[in-house]
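Assembly of the complex is requested from the two constituent chains, each provided in isolation within its own frame, with the hints serving as guidance.
If you're matching them up, the sequences are chains A and B in order.
Heads up: the first sequence begins at 1 in the working numbering, then just goes up one per residue.
Heads up: the second sequence begins at 1 in the working numbering, then just goes up one per residue.
Here are the computed lysine-lysine pairs in the PhoX-like style, where the Cα-Cα straight-line distance is at most 25 angstroms:
#1 B:Lys80 x A:Lys358
#2 B:Lys49 x A:Lys337
#3 B:Lys49 x A:Lys396
#4 B:Lys44 x A:Lys396
#5 B:Lys113 x B:Lys161
No wet-lab data here; the hints were simulated from the structure.
Remember, it's a predicted structure, so these values are computed and weren't measured experimentally.
Next come the chains, spelled out residue by residue.
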Amino acid sequence: MDIFNRYVLPPTREHLELLRYLLMLASLIQLPFLGIVMGSTFVSLVLNLRDKDEANPTYAHVANDLMKMAMPSRVAVVVFGILPLPVIWLVYGQWFIRSAVNTMHLVPVGALVIIAGLVVLMRYCGTLRRDGRNSLVNIGVGGVGLACLVVGTYVVYGSVSRFFDPERWFLHYHAVRTLTAWSLIWRYLLFVAASLSMTGAAILFFFFKWPRDEKRIEGGDVRFLKNLGAGLAIAGTILCPVFGFFYLFTLPVVAASAGLYWMGGAAVGVLFVIFVYAYRVVLSPAPRFGGRSFVLGLVVFSLMIVGDQLALVNATKEHTAGLVVEAEQREAETAAKREAAIGVAVTADPVRGEEVFKTVCMTCHRMDERLVGPSLQTVLPKYTGKMDALVAFIRKPSKMNPDYPPMSAPGLPLADVKSVAAYLLGQVGPGQRTETAR
Amino acid sequence: MKKYLGIPLAFGFFGFLVLAYVALGTDYYRHKQAPDQPIAFSHKIHAGKVGLQCLFCHETADKSEFAGVPSVEKCMSCHKNVATDRPEIQKLAGYWNRREPMEWNRVHRIRVKKYVYFSHERHIKAKVDCANCHGEVKYMERIRQVRSLQMGWCVSCHREKKAPTDCLTCHK
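Here chain B stands alone, though its shape is the one from the complex (with noise of 0.2 angstroms):
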């Protein structure tokens, strides 16, 4: 029976190694995946096809730390009378009328962001393009993070650019 062994450990050796990839898809789609909206915005439209600046939705990324997503009121501005008979501009005029704010999920992440500090001003003041960091944005029909945003990128970028690499830059 000794000689039957083999098969039992492959099963064991196979399917350990099946958990592992369920465990990397896993992780995938909790983690890293592009989440879903509250209403599927498309880049390719606003930002492809209508041409619509990045400065002119994320009003504070050449002001601040932090580049925001426009209000319902801003939406609205176009959207009160552009496809109105869509159903996601609908949905948009719900929390318009309901006067909510729209939760958008977070899609750009720094995984260890509570020790970083990283101003989205102090890059478009350096004339750094939006699509350095953020991709072929205009093209997304669903937006997602196509740069891994860690240390050692951000740290390439800095020494090509000549842009200050020591420590308190970032971490203050």
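Bound-form chain A, shown alone (with noise of 0.2 angstroms):
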């Protein structure tokens, strides 16, 4: 976005480091939220439909407790739901100062849908009756809800798919094309079906596990809370690593590694532990495993996001790097703005200068022959009391002979420099003083 390119100064490499731990975390916070509020608000609405139908109040208690779960307060809602919100969206554009690409502005739209889709939901949360005389406008609203969050998050996660393709960066996608690609589909459909293992874990661990002194169920209910749970928690476990799959398959090469295949491979294995708990939930009596679900649900969840995240490092490792070098180069400069204003003198000592030259510019140079760079002998006259070229020279090489590689810049401080070029105009010419200058 603009607004990034104009007030942000490129990250240095640790601090982008620090940024992208702040991600992952902010991720880890937010997203098995909305999952599990995605999650609980749909198979709410499904299960007041069909109490619509077929008037059974345990579809009516289910379907009330479970948006009280996922929703227990606003300040939940706040700080799981909204508050990684401007997190993300900050890092995300620090990140992708500089690009050619401008899809960050579709964070601050997705954001804005999410944080009107939790609204909505608080509403339908709160206006939800127990005892199931529910009215269908009632059951829109949290339609409305649902939908805005699915849209929401889809497009936030799009926001950043174009990051995973450098070679399309220079091609001018609109928004569209940009939210139609199929490895976004793919890495939505792996959120969404993480979702699902995820809500279903939670009803495990929330009705049956933590808080242990609130009695959220009654009897009649708690049979088909545990098999719902662990139904939903099967569906998501079976339906995950497929997307997984595709998603890996069509992800371009640029973004993969060795890496990503290995925790994908790990991902299946913690979905197949899930898997086989929610299983056994449904074939016993008593509900169990909710703490072991919802741990591992929370595992599978981290590991699509560090995954996702090392995919796009994969990515963009050339964009980084150019921004790293930048600050890198914006350091040094401040460094010697600072040097040049505090007026420090800065001393020619011949001596220092020889020093230098035996230890840096004798990998390339010598006075009287030809080795990477010219004799000095033959380029050094045209210097001869022009100290402050040569010292420029040295400081920022250009190319001037076309017989010759380019001369690489030193990177020396500017002391040495000046003591280099004393020491070489001293060679070639005599009368050449030490001079302190500033």
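Here's what the structure looks like:
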């Protein structure tokens, strides 16, 4: 986004690493929460509609209790659902400044839709009746809230999808084209499947495992809830690895690395374990394994988030390196300006100059013969009496002679460059004195 | 016992998926990841820090279809004296002393090359920057292919830049 290009400086390497950890943390806080909210809302709507057809108090109770579980309070919704959004936007904005792709403006659009969805769902949650006498309008409100969440999360996911494919950065894609790429669709479906699994695990955890002292459900609903939770977890664990496979299959090669495939395999293993726990819950009369399923569900989300990050890092390696170089150059320029502004006296010392020449310059230069660079005795005379010009050339060499490879900037401090220049000019002509210069 | 059928079915299903992931990973490892080279040459140092231009080493890029790789002699023009204590430079000197060419492993691969005509010279004459197709090489410690080099991508760029898109341009 232009606002980032104008007001944000390129980050250093360490800063970028920190930003990425922050991004992973913010995503890990938000995505499982949004997944549980979306999954619970979907099931709640289905149960409410079924209750309308065949009045069943269990459906009404569970539809209500699920929403209370997913959205326990306004504070939880703000902390888990809304606060991470500006963090995610700002981190991506800093990471992708200077890139030719301008899809970052989609993040605030998606974020606003997510916030709207959460607000609507809080209303749905607050007006839901446990006795099942919910109007179609009220159920419709829940549907609108769910639709907003789906669209908002899809747009936020899609806003960074172009960055996985650097070869298309120069192509001027419309936002619709950006949002309909296959790899994005598979990536989002992976999130949906993981959300289903996470919702099931959350049901087993929050209703039967923790908090222990709270009586959330009545006797008749226990079996239904247990099977619902386990069923959702089973569905999610079956779909997740399939979508994950297609996600890896359609990922651009530039984003791939061996670590990504290892992570995918590990995630399949963890999903298998969740499946086994959920299957045993279906078979057993009492609810079990709530804690383990929930923790493993979070592990799956972590692997997804870290894997996504790794793919993005792989794809944007050179872009990031460019930012780091720009940051380092800026630091060097700032140091040089500070040096000049403070007015530190820089003494040109030929003895020091000789020492630097022998350790640094002699790699490519000799006084009286061609090496990598020309014989210095042939090129130095034109700098006689022009020490400043020689100092400027050494600090920022430009290609002078087509017969030789270009000289790289030695990156020496100003005092050393002046000393080397004084030493060299002393070698080619008499009467070059040491000078103290500002 | 029928109710326990799910577990072996799950073993089969997840096992099959694990094999599918292993197949994907093996395909990447064998065909798509950046290959090892006889010497750990760093474009980040040479193109980035030292500032060598692409055409300084890849001399034939603006004269032929092929960009080419530099001869050992080209490398030795600097490394006869520069960084001679480093193990990789000593490997290079070994090739020079034995008068042996270095066998670099191909990095950029058009998978169906025998059906495609691609000329570096035509693209350089059209002022296409090397970084468009090879990425920012000056930041790469280890050179890798960062573009798919597939037809759809080539045609997209030809359309954007108003270059010819008829079949015989590339299939002749």
